[in-house]
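A.B. asks: From first to last, the protein sequence lines are chains A and B. The first sequence lines up with residues 1 to 291 when you count with my numbering. The second sequence lines up with residues 1 to 355 when you count with my numbering.
Bear in mind the hints are in silico, worked out from the structure with no lab data behind them. Beta carbons are placed, not taken as given, at the ideal position from N, Cα and C, and that holds for glycine. Among the clues, some could well be false.
As the list claims (entries may be wrong) - Cut-off 20 Å, straight-line C-alpha distance, at most; resulting in silico cross-link-like pairs (SDA-like, lysine to any residue):
hint: 1; chain 1: B; residue 1: 104; chain 2: A; residue 2: 196
hint: 2; chain 1: B; residue 1: 91; chain 2: A; residue 2: 48
hint: 3; chain 1: B; residue 1: 91; chain 2: A; residue 2: 199
Said to hold, decoys possible - A partial selection of chain A residues facing chain B, derived with a Cβ cut-off under 8 Å:
hint: 4; residue: 1
hint: 5; residue: 181
hint: 6; residue: 191
hint: 7; residue: 197
Now for the letters of each chain:
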Amino acid sequence: MLLSPGQRILRAVAAWAVVMLFAFPIYYWVTVSIKLDREIFSIPPKVFSFETSAKSYEEVFGISLGFEQGLSVLPGGGDFYMTPRLWDSIVIAVCSTALAIVIATLAAYALSRMRFRGQHHFVFWILSTRMMPPVAVAIPMFFIYRDFGLLDTYHGVILIHALMNMPLAVLLLKSFFDDIPKEIDEAALIDGASRFLVFRKLVLPMAMGGIAATAVLCFIFSWTEFLFVLTLTQTGLKTVPVVSSTFVTSTGTAWGNMAALGTAAILPAFIFILLVQKNLVRGLTLGSVKQ
Amino acid sequence: MASVEYENVGKSFGPVRVMENISFTIADHRFVVLLGPSGCGKTTLLRMTAGLESIAEGEIRIGGERMNQVHPRDRDIAMVFQNYALYPTLKVYDNIAFSLQVRKHSKVEIRKQVEWAAELLNLSPYLDRYPKELSGGQRQRVAMGRALVRHPQVFLFDEPLSNLDAKLRGQMRYEIRRLHDRLQTTTIYVTHDQIEAMTMADDIVVMRDGNIEQIGTPEEIYDRPANCFVADFIGSPSINFLRGEVRGDGGVPAFQSGSVALPLPANNAAAPGQAVICGIRPVDVSVAAEGDVRAEVVLVESTGAESHVLLSVDGQELRAVVQGRYRAKPGEVCALKINPAALHLFDATNEQRIG
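With the rest of the complex left out, here is chain A (with noise of 0.2 Å):
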C-alpha cells in the first residue's frame, strides 16, 4: 500500500499515540517508585520533574544505598522487605511453568496424533475444568490442601498454578501439533522409530514456538496470581501480588513501597518473556511438507 508522506506521519503518530497510552501507567508507577512520599499526591502531579530517592527500594530489598540505615516498619506493624517473597514469586512462576508444560506437551500430543474412544469429550473436559470461576473452589481446595499437608509450601502452590494452567496449555499446544504434518509421524514410525522418539526428536523441536509461547502465558498467570496465593499460604511463602496487598494497612498505604516491589517485579517477567521470545518464530516446519 502506497502512502502519502500526510499518512505516514499521521500513521506514525496514532502508532505512538497507542504505544505512550499503554505504556504511560507504567511509566508513572516508575516515577511513583523513586518519588518522596509527600509528592506522590501533589497537585497537578510532578510526572517528569520531581525530587528522586531510592528509600522505597532500600527498605524493599533490605539494602542500604547510603541513604539511611536499617530495616523500617510498616505503618501496620508489617513487614518492608520483600526479598524473599520475590524469591518466592520466582521459584513458584518457573517450576509451576515448568510442570505444566512437561505434563501438557505429552498430553497434547498424545490428543493430537492418537485416537481414543470418548476424545472429543476428553477434550472437552479438559476444557470444562476452566468454566468454574476459581473463587469457587479456593475454599474446598484450602481444606484438601489442609489435609494433606500441602498449606504453606512450595509444592502446594506449585500444584495449584499448574493445575490452573494446563487446560489452556493442553488446548493450544494441541493446536501447535495438529498444525504439524502427521505424515511425519508417520514416515519416523515406518522408518522405525518408537513414538517416543519421534516425538522427542522430530516433533518437540517443530513445537517449540508453540512451546514458547505457551510458557509465556503460563508464567505470567502464576506471576500475577492473586486468589489461590492468598488462601493456601500464611505465613512460609507469598508471592508478590499477594504481598503487594499487605502495603495498605489500617493506617495507611505505603504507595512508595507497593510502586518499588511492582516495578521489581516487572523485571524478572520480563526476562523470562525475553529468553524464551527466540523461540517465538515461525516457520519451523518450512521444507518438510509440500502444502
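Once you've looked at the hints, dock chain B against the given chain A.
C.D. replies: Quick look at chain B alone, frame taken from chain A:
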C-alpha cells in the same frame, strides 16, 4: 524382496464403507500401480499395507507372512508420501540416515548407505542442507533416498509426483521406473494419473468406490477394458461412448446408433437386438473426405503435433485425434472413418464388456 497378498480385505471408517472384499496378489519384483479417482480407496489400501491403518477385515501378507498385527517398523517396507514428510529439523544426510540410526547401524555402514543412495539420486551435493533449502524435485528425491537406504522388501509410493510440475513429473516418472528396474524391489504405487500408471506399471489395479474394477498389464487394460469405467479412465483424450444396439441383418452384425452404422467383427459376442454402449478411442477415429459417418465440427484444439477435434454426430459428442494440423471451422461438415477392429462393446445395462 517379497510378494504382497491381499485376501478379502475390507474397511469402514465409522458408518462409511470404503473398501469391500479386496483380493489380489502382487508377485515378487513387480511394479504395481493402484489407479483410481479420489476416494476410491487406493490410498487407504496402501496405508493398510504400511500399517498406518488397521486391517479390520481380511488379511494382508508380505512375503507370505500375515501382517495384520505387525507394527509398521517390523513390516520391512518403506513409504514415500505425497507431501514428502521430510524431517525439517534434520539435514538431508540425517533425513536419509534416520531409519538406519534408529536401528543402531554402525556409523561407517550408515555413511556408506547414505552415500550410495545420494549418489543414485544425484543428492550428493545437498547432504549438508536442510529440506527447506531444496527445490520440490530435490525434496522428492530425499524422500526416496530415505526409503532406499533401508533396502526394504516393498516400496510404497503414495502419489509421490502429484506436487511436482508437469515437466519434473515426467522426469521423475522415468527415474523411479529406472530405479525399480535396477533394484527390482516389489513396488506398490498409488496414483490417479493414468499416464503415470500406463508408463510405469508392470500391472495396473483399477479401483473405484473401494472395489477392484480390473487388474492387468497396461496393454490389457487399454486394449480390453473390462467395463465403461475403466475404458473411460484410461487413455487421453478419453474414449468416446455411443449408445445404440446391435443389428444382425443379413448375417453381418453391425452397431447401429441413429444414422451411424458400424460393422462389427463376425466373432463378437453381442446378441442381435442387444442394447449396447460402443466405446471408440479418439485415435481410432479419422477424419476423411469420404467415410461411413457424417459429422459436424464443434471445436478444434491443436496440441502442436496433433489436433483434437470435437465433433457432433447425431447430437452425440465424438472426439477424434488427427495427426498434424487440422484446419476446420466450427459448423463444417466432414466424414469420419472408424476402425471397426478397435471398437469396444459394453452392455448398456451393467456397462460390462461384451466379449
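A.B. asks: Hints first: check each against the structure and report whether it holds.
C.D. replies: Each hint, compared with the structure:
1. A threshold of 20 Å between alpha carbons decides the hint, and for residue 104/B with residue 196/A the separation of about 16 Å falls inside it, so the pair holds.
2. For the given pair, residue 91/B sits about 55 Å from residue 48/A by alpha-carbon distance, which is inconsistent with the 20 Å threshold.
3. Pair hint residue 91/B plus residue 199/A holds up; C-alpha atoms about 18 Å apart against a cutoff of 20 Å.
4. Interface hint status for residue 1/A: violated, as the beta-carbon distance to the closest one in chain B is roughly 29 Å, over 8 Å.
5. With its C-beta approaching chain B no nearer than about 6 Å, residue 181/A sits inside the 8 Å limit, and its interface hint holds.
6. At a threshold of 8 Å, the smallest CB-CB gap from residue 191/A to chain B is about 4 Å, leaving the interface hint in force.
7. Interface restraint check for residue 197/A: the shortest CB-CB distance to chain B comes to about 6 Å, inside 8 Å, so the restraint holds.
The earlier numbered hints that this structure contradicts are 2 and 4.
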